Amino acid sequence: MSVGAIVLAAGRGTRMRSDKAKVLQVAAGRTLLEWVLEAVSPLDADEVSVVVGFDAEEVTAVLPDGAVAVVQDPQNGTGHAALVGLGGISKTHDTVVVVPGDMPLIRAESLGALVAERQRSEAAATVLTVELENPYGYGRIVRSGGAVTAIVEERDGTQEERMICEVNTSVYAFDGGLLADALARIANDNDQGEYYLTDVIGILVRDGHSVSALLTDEEEGFGVNSQAQLAEASAVLRSRINAELLDSGVWMLDPTRVYIDADVTVAPGAKIYPDTYLTGDTTVAAGACVGPSVQAHDSTIGEDATVVNAVLSGAVVGANASVGPFAYLRPGAVLAAGAKAGTYVEIKNSEVGEGSKVPHLSYIGDTTIGKRANIGAGTITVNYDGYDKHRTIIGDRAKIGSDTMLVAPVTIGDDASTGAGSVITQDVPDGALGVERAVQKNIPDYAERRRTRANEESD
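Each residue of the sequence shown is one higher than the last, beginning at 1 in our numbering.
Since the hints were made in silico from the structure, they are not lab data.
Source: prediction; values computed, not measured.
Where hints are given, some of them may not hold.
Here are the simulated lysine-lysine pairs, DSS-like style, with alpha carbons at most 25 Å apart [claimed, not checked]:
1) 371 <-> 399
2) 399 <-> 389
3) 271 <-> 357
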C-alpha cells in the first residue's frame, strides 16, 4: 500500500496580524508547519507535497528532505490547494492524507489511525473529526448508519444539523484515484468564489462511495488563526513536552511554570525549578539543578551543575559547575568541571578552567582562565581598545585581587597574583605579584577644614 501526503500551507493568516506566514509562527520552539510535518513523518509516505503561497520561499526553507513544495497562485480555496498539492505527487497512491499546516496539536498516532481506518473500511475517504461542546462556526458531520453523508457548513445547516456536535477537522485520508477525479469536478459557485475541499465529500457520496469518520481528541482538531490561539496551542505543546520529561524521570517543582522547547534535551534525574526557560539546542544532564528564574538558549548544562537566576546564551556549563545568582553567560562562555560564575558575573567568549572561580561582580571577556584560579570581586578584563578585541590569559592557580583591571592583551602566569585595585597593563610572570597602585596620601584635619569652608560660604 502506498501513501501520499498533502500539507496545506499557503495562507497568510491575516488574523495573526503578522508579516510572517501563519505556518511559520513558532510554538514551543518549532513552526506550526514543522509540528505538522513531524506528525506526518511516521506515515512513511512515499511522497509529501507541501502547498505554499504567502512567504513561499521562507516556508520552503523549513521543509525537511523529501518534501516537495508546490506553489498555489492564486489561492482559490482548500479544494484548489489540494489540487495544486496533487501536482507535487508523481503517481496515484492508495491513500492520500490531506492535513492543514496550521494544526500543531495533531498527533502522529491519529494520522496513522486515520489511514488504517480508511483501509479497514475500504472507504473512499475517512474524515478526522472531534466533538465540541460549542460547535458554532464549524462544519458539522452528518451521518447515516454510522457512515458520513455530508459535511454541512454553519451557514448552510438546518436547525437540526446545527445541533450536531461532531465537526470536521479538515484532516482527511482519501483514496488517491477518487480524490483526483473529485477535485477535477468541484465548482466554485459560492459566496467566496472558491473551491472547497469539503465539496469532495459530497461528490464521493453522490457517486455512491462510502465515507467514514474517525473521532479523535478535541485538542487535536485545534487550528491556529490568531495570536491568542497560538499561545493556547503553545501551552498544550509545552504541557505535552513536560509530561514526557516527567515520565522519563525529570523532576519539576511546578511543571506549569517550566517552559521547554521541543528540541531541548533534559536527562532523567535533572531538577527543574519554576520560571525556567530552556530553548533552542539546549541540553541538561542528569543531576543538574536548573532554576528558579533561568533562561538558557543553545546552551549545555553538565551533570550535577547548578544554575540559579541566570541567563545563558550559547554557553557551556561543565559538570559540578555553579552559575548564579544573577549571572550572564554569553556566547562562547565555557565553564569547566567544578568552575563557578557567581553573583553579578558576566562572561563572554571565555574559558574558565576546572575548579576556577569568578565569584562576584566581574566581567570576563575574551579570556582564558586556567585551573583552580580565583578571580576577586570587581575584576574586569579590559578586552576592547576601541578598535579591536584582545585576549587575556590567566594561568593555573592565579589569584586576581579585587577591583583589578586586566588591560588586554595581557598574561598572568601560573601561581601569579595581582594586588587589589591594580590596573595591570604588563604581563605578570609565574609566581609573581603584579601591583599598580598610587601611593596613598592622608590629609590631616580634612573634615574640620571642609566644615569651616562650608560655614564661610554660607555667611
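Against the structure, the hints come out as follows:
Only pairs whose Cα atoms come within 25 Å are accepted, and residue 371 paired with residue 399 is accepted, the gap being roughly 11 Å. A C-alpha spacing of about 24 Å is found between residue 399 and residue 389, which places the hinted pair at or below 25 Å, so the restraint holds. Taken as a hint, the residue 271 and residue 357 pair is honoured in the structure, with Cα atoms around 23 Å apart against an allowance of 25 Å.
Of the numbered hints given earlier, the model fails none.
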